[in-house]
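Using the sequences and the hints given, assemble the complete structure.
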Amino acid sequence: MTNNTKTVREPLLHIVKRDNITLGKKIAIYAIAIVASLLLGAIICSLVSTRGDVIKFFSSLFEGCFGTTRLFWLFLQEFAILLAVSMALIVSFKMKFWNLGGNGQILMGGLAAIACSYYLGGKVDDTLLIVIEVFASILAGAIWAVIPAICKALWNTNESLFTLMLNYIAAGLVNLFIAIWVKGGSGILNPLANGKLPELGNKYLLIILFGILITTIITIYLKYSKHGYELSVVGDSQNTAKYIGINVKKVIIRTLILSGAICGLVGLLLTSGTSNSISADTAANRGFTAIMTTWLANCNPLFAIATCGLVVFVTKGMQKVRPNFGMLDDTISNLVIGIVYFFIIACAFFIQYKIVFNPQVTAKLNKIKAFFANIFKKKKPLNENEKEGE
Amino acid sequence: MKKFITFLLTVTMAFGSMSLFTACKKTDPVAALICLHGEGSSYDKNFIDAFKAACEAKGLTEDQYTVVVDIPEGQECYDKAAEFADAGYKAIFADSFGHEKYMIQAAREFPNTQFCHATGTAGGFANTEDTTDDAPANFHNAFASIYEGRYLAGVAAGLKLIDLYGDDITNDEAKIGYVGAWPFAEVKSGLTSFYLGVKSIVANVTMEVRFTNSWYDPVAEQQAAEALIQGGAKLISGHADSYGVPTACKNSNIPNVFYNGTTEEDTFVIASKINWQPYFEHMLDGVLTEGATIQADYCGTLANGSVQITALGDAAAPGTQAKLDEVKAKLISGEIKVFDCSTFTVTITPDNPNTEAFDGINTNATVDQNGHLTAYNADVIDVGDYLGETNVVKTEGGKTFFAESFFRSAPYFDLIIDGITVGADVVSPAA
Amino acid sequence: MNNSVALELKNITKTFGKVVANNNVNLTLKKGEILSILGENGSGKTTLMNMISGIYYPDEGQIFIDGKEVVISSPEDAFKYKIGMIHQHFKLVDVFTAAENIVLGINEKFNLKKVNSRVEEIASKYGFEIDAKKYIYNMAVSEKQTVEIIKVLYRGADILILDEPTAVLTPQETKKLFDVLRKMREDGKSIIIITHKLNEVMEISDRVAILRKGEYVDTVETSNTNEKQLTEMMVGKKIDLKIERTETDFDKPLLELRNLNIKGDDGSKKIEDVSFYIRGGEILGVAGIAGCGQKELCEAIAGLRKIESGAICHKGESIVGLPAKQIIEKGISMSFIPEDRLGMGLAPNFSITDNMMLKTYNNNKGIFVDRKTARKNAEELIKKLEIVTPSTETPVRRLSGGNVQKVLVGREIESSPNVIVTAYPVRGLDINSSYAIYNILNDQKANGTGILFIGEDLDVMLALCDKIMVLCHGKNMGIVHAKKTNKEELGLMMTGSLDLSEIKNKEYGKAKDSNLTEEEWQQEHLKNENMGDNDND
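Chains as they are written, first to last, in this note's numbering: chain A, 1 to 390; chain B, 391 to 821; chain C, 822 to 1358.
Derived from the structure by calculation, the hints contain no laboratory data.
Values in this document were obtained by computation on a predicted structure and should not be read as measured data.
Heads up, the beta-carbon is just placed ideally off N, CA and C, and yes, glycines get one too.
Please note that the accuracy of each hint is not assured.
Simulated DEER-style distance windows between Cβ atoms [what the hints assert, rightly or not]: (1) Y958(C) x V356(A): 36 to 44 Å; (2) G172(A) x G622(B): 28 to 36 Å; (3) E1235(C) x N20(A): 26 to 34 Å; (4) L925(C) x Q352(A): 26 to 34 Å; (5) F371(A) x A447(B): 57 to 65 Å.
With a Cα cut of at most 25 Å, we get these calculated SDA-like pairs of lysine to any residue [unchecked claim]: (6) K442(B) x K242(A); (7) K242(A) x G1085(C); (8) K1197(C) x K1136(C).
As structure tokens, this is what we get:
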């Protein structure tokens, strides 16, 4: 340590870019951010409503996800769906192809499945119908994703815009078909009779198993397969990929087929696997939510498990907070979810940069740290004394 | 570092155990309300307010009833209803048409819980031929003869037109507009009864209708109202759940007749609404009182307070209240029938024989040589085939009328009568 | 309070995470002197200067200007204290004129005419040549550097810091720059030059401060020292800085290029009628100022860029039009390193293991990649080349420049190429790493590999290469034997003032013992012309 006394007033703090950060610290920063954001949300909710307080907020969050068996299954189901969509986006994002069309691909997959059920239901054997639905949904989702991919590969079009716009077209197509099928004009397609996916034990298990399966497959695909390797090279440096002879166009198209196919299957599960009906809202914006979870997970499938779990926990939890707090519209709920997202994004700053205070402030902070450290340290000597005493 | 993680875990566990603890302390729940949208929608707000009032009137504490909002017409409705049934709620009510199938699904699973639903068509029809539409005994529908309220609102509207343009009101001035959600019976019943109410005061009135193909779309509804005003309408009413139409009326200073709510604008004339409180009290009686049951298909009336008109707004014409009281009494006594066939004519356009689609207009009607309705086969028993099978035209006390809400609480009047034209749909871009 | 001291640093320390970039550095700069900061790549020179110019903030230590302690927390503060830094990478706006760039950021109203005249006043005072109205994108590199220098002089800088100024200059331009610096010194300005070139230190500076691995070693009077002493202080031990030129028997030409014409991305001619060949066991250097066509040449050889016309033959077979992968399979290895080093050769976020696999990942059967073998190879390479890295799985972008280079070159060597094309292989490397690379190249040369060495340090190339080709604006100015030429001649060729092919009326670059006869060459030309016609532009 230097001894020179400063004669000039130094700035209070300055910001230094971190060279590297350990995983433990990263997790700690995220954990603090999440707890802090939820705390803020709890305070806001308890101020807005007379029916609840901070404790009730957190207990409602847990209740909404784990309160009853059914709620727990619903939590797992939603978790699995979001995870599956995240996997679809991870393979695409890892290649730096911004597939923002998850919603549309899900809808097209669902639409294909429902269309099969509508037109072929009763005319073919139900098992065969299900098989057809599976293929149809995969095909529809894949096509919806591969059109922008081909355009990008051949003409370097902007895939973000293209995939986004296809979302709207898909929603329009769904409404169109509903208008054709439902003559009364109610816009509601009642659950169809045929082609419903079989239940494994209960309504939710099929979807949950699918989520687990897809996550496993994609994790292995990305890490261990040649395709996954090529995809990563293309994403990391297209020049390098070209140099070592990877056919970049082929890789882009191939990856997007996979991405769309997964979304298509999700669409199948959300329609034939649940109500056997479809509406323009079937995707429930999961295509966009998955962008958030994928990004937070840094395109790593295993981290995505954590981010998806977190997002579903908060969303489902808020669905219980609302009635418990007597909130009759979703503004506060959206606000809290937004606050959580915002804090998590703000984390990125603290992960990349460190705040360094000037020496006077640092000295004071060290004193505070030492104080807390002493509290924890005191416990140790007590135990040892007890052991000796025996 | 490790110490910090330990600290975090401890906190998490503390919260977790607290949550379980508080979860155990649940009091005995009674009633739950499932809404399609939230309080931002006049339709849902109507239910929410009535539900709360009814629960309080029956002496329930805040822990015993709950409201959830933004439940779409899909699997989520079933999930929510089942969740409530799990939690021990005795009566569960869903407020939107598309919730019906999912409520029935839940009703089959929880035979000891009562599932009630507004605007639906399955309750009261044990159709043994098609088991998927078979409504179990613990499933109940409810609606009200809102067309009577609409008629009264129409009378107020007619008086306003006379007030603005005088007794010698010209055909151009006697133009009104209506923004409808979907082109099917529930909406058509409302718009026709409104029109007939206006016509009873202004004989030469014509009405243009535009549909938005959505129950709740503020942008499209406002745009539709603006289009109607552009087209010459001097007064706008509607059947849609947002405040888009009143906003357009306020901006153009055109009188507005609203539905299910009121506005503070000085263009507000009157609104008709269904007061759900009588029904909710009936529903609560059914689960709280020994031996009481809930009606399979309840239809509230003007008489029992389920159908109401609101207080008059600033735009109402002088003398309206007196006239309304007069007409209301006659409606209750039966002296006036809203759908009196002598007051309107119907033109029939057959289906195009070259296509399979139902593209004719008023094809299920039978009319006499003057165009007045003599018979009509309505699709009362709704098994998804859109075929009319019940003749709903009755003759009583010398009057021939279309007996709306008689055979079933949910409306089935889906004719387009003369004097009403349908304009182009106004749909806002998918958002 | 020493009035002759312009700048003093006391106990300056700066840490980035675990790396201590500067540890307790003390420095004094007198008024009216030129001080060299000498140190290897990675010794902390640039970090230290960045703290003086306000880009970084010291973790510990004090800065004194004219005897008073100051706090420099931003470049604006630095300007306040009349410190001006000329960076290695210029910070100029291409679409502005020189005058507009000079005046950019000054918070006063200005009159361009007045600015122009003041700029010319400054220029003539110190001997610069500048056209204040010229647009930056029209300027050569040395002109841009002039603009940067005048930029700081315009703001009244008394202390100037130049970061590796001669890296981008020809020998002639370097001489001119030094004349200017001397004039500025006479005017009382204090100048710090950051450099690692010993001959320049001896030529221009009054005193030399040496940094080594973040530590301050000493400051000596230039007149009292010599290159050997400086080397020892810089590296920490006695080291012979001589680069070996391995003597080999040259083989037949491995790679022959004839009459190449290559267009750049913007459609301009980047390589114009260039011919040369590389023999097995020979190192052919390519010298030229930045943008003279080296990048396009490398890309063409690697199969990543189409040629307009001409012929490229490897061991007698044409490689024009072949996909990059096939060219690699023929044994032509490319380690082309653009400015950021992690361009075409490596994937920055991949681990060393994954980068090792880049060329060989598809060789094994099945759908899975074989990381085990690649990991073993990586471990061997790390040992052999003494690569400093936490593990084989560290992402390559976290390695220091020298180690990244070792990974790249090491991987290329693994595939036993017969032709190596390497560009700026030691850019930014410390001395030990640089010499390791030279040794590797010499080893390969001894094995019969032909090496195309594109470099910027003429001293190194004169020592290492057998022959040197100079490109200027895409044209071949001549191929000379390294033993028979010197820096001045090369410098003249680089700027286009000396065109040997014109003077000596010789056609350079066509081997007498070529693999193909003249007729066969003609056929190749025709074939490639037709190929070019088929691709409509």
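These are the hints, each one checked on the structure:
The given range of 36 to 44 Å is respected by Y958(C) and V356(A), whose C-beta atoms sit roughly 40 Å from each other. Separation of G172(A) from G622(B) is about 32 Å and conforms to the stated range, judged on CB atoms against 28 to 36 Å. Checked against the given bound of 26 to 34 Å, the beta carbons of E1235(C) and N20(A), roughly 28 Å apart, stay inside it. In this structure the hint that L925(C) and Q352(A) lie 26 to 34 Å apart at CB holds, the actual value being about 29 Å.
For F371(A) paired with A447(B), a C-beta distance near 59 Å keeps the hint of 57 to 65 Å intact. Straight-line distance between C-alpha atoms of K442(B) and K242(A) comes to about 67 Å, which puts the hinted pair past the 25 Å bound. Of the supplied pair hints, the one linking K242(A) and G1085(C) holds, its CA atoms being roughly 18 Å apart against a limit of 25 Å. The straight-line distance between the Cα atoms of K1197(C) and K1136(C) is roughly 33 Å, outside the 25 Å bound, and the hint therefore fails.
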